[in-house]
Amino acid sequence: MDRSFYTRDPAAVARDLLGKVIVRRLEGESLSGRIVETEAYFGGLDPASRAFRGRKNYNSVMFEQPGRIFVYMVHGWWLLNIVAHLQDEVGAVLIRALEPLEGVEHMERRREKRDVRELASGPGKLSQAFAVTKALNGLDVTQGDSELTVVAGEGEPCTISTSRRIGVTKDLPRDLRFYLGDSEFTSR
DNA sequence: AGGAAGATCTACT
DNA sequence: GTAGATCTTCCTA
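Heads up: take any position in the first sequence, counting from 1, add 1127, and you land on my numbering.
Please keep in mind that the hints were generated in silico from the structure rather than gathered at the bench. Be aware that a few hints might be false.
[Stated by the list, open to error] Derived lysine-lysine pairs resembling DSSO-like cross-links, with alpha carbons at most 30 Å apart: (1) Lys-1240 with Lys-1261; (2) Lys-1147 with Lys-1297; (3) Lys-1183 with Lys-1261; (4) Lys-1261 with Lys-1147; (5) Lys-1240 with Lys-1147; (6) Lys-1297 with Lys-1183.
Let the sequences and hints guide you as you build the complete structure.
Given below as structure tokens:
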């Protein structure tokens, strides 16, 4: 995925990321997972967005170049986002769930769980399985040799469902969560 | 100093 | 399935 893929409306990017594969290079190993659930967040007009109250140190990546990793913490969990927005706008896509592909044993160890469906079926779980922390904030995912990249999947046909965003207290009147309805690996 | 936050786990019915 | 405890930052007072 090159930078132009991320330089679009966050909702379009969130939808099109479904089925793509995240590859994490860690300790000489490759962990990977297919994206099965995402949510789109905007800038100052979105009360659920980290960028709602303007640019701060911790959210500055959202205001910068699309295609970079944006990580922040909620309730003690790091959540993985990819910056996505039109030129001069603000936004990001939260990666909410993955279907584990390569490196399942490594993920089981990090998660201390055996059930494959418990490895990455939620934004906090996925970060634990893939070793996502603040250290990755700002990293460019469009670089092929990066510690974390996104590549096109097999291109299988899949049915895309939508809903309101999960857990947000002040949502927009619009479906901004996208997920593969057939997948067993979504967060619910 | 105190509280909220895009979640998860555990221990119950 | 639901309730309550807990996790770690950053924001606001």
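Below or equal to 30 Å on CA atoms is what counts here, so check Lys-1147 against Lys-1297. Holds. Lys-1147 to Lys-1297 sits at ~29 Å (cutoff 30 Å).
Need the status of pair Lys-1261, Lys-1147: alpha-carbon distance at most 30 Å? holds (23 Å)
What's the verdict on Lys-1183 and Lys-1261, does the C-alpha distance respect the 30 Å limit or exceed it? holds (15 Å)
Starting from Lys-1297, check that the Cα of Lys-1183 is at most 30 Å away, please. holds (20 Å)
So if I understand the rule, the pair passes when the alpha-carbon distance is 30 Å or less; does Lys-1240 with Lys-1261 pass? holds (23 Å)
30 Å Cα cutoff - pair Lys-1240, Lys-1147: holds (24 Å)
Going down the numbered hints, you'll see the structure goes against none, and every one checks out.
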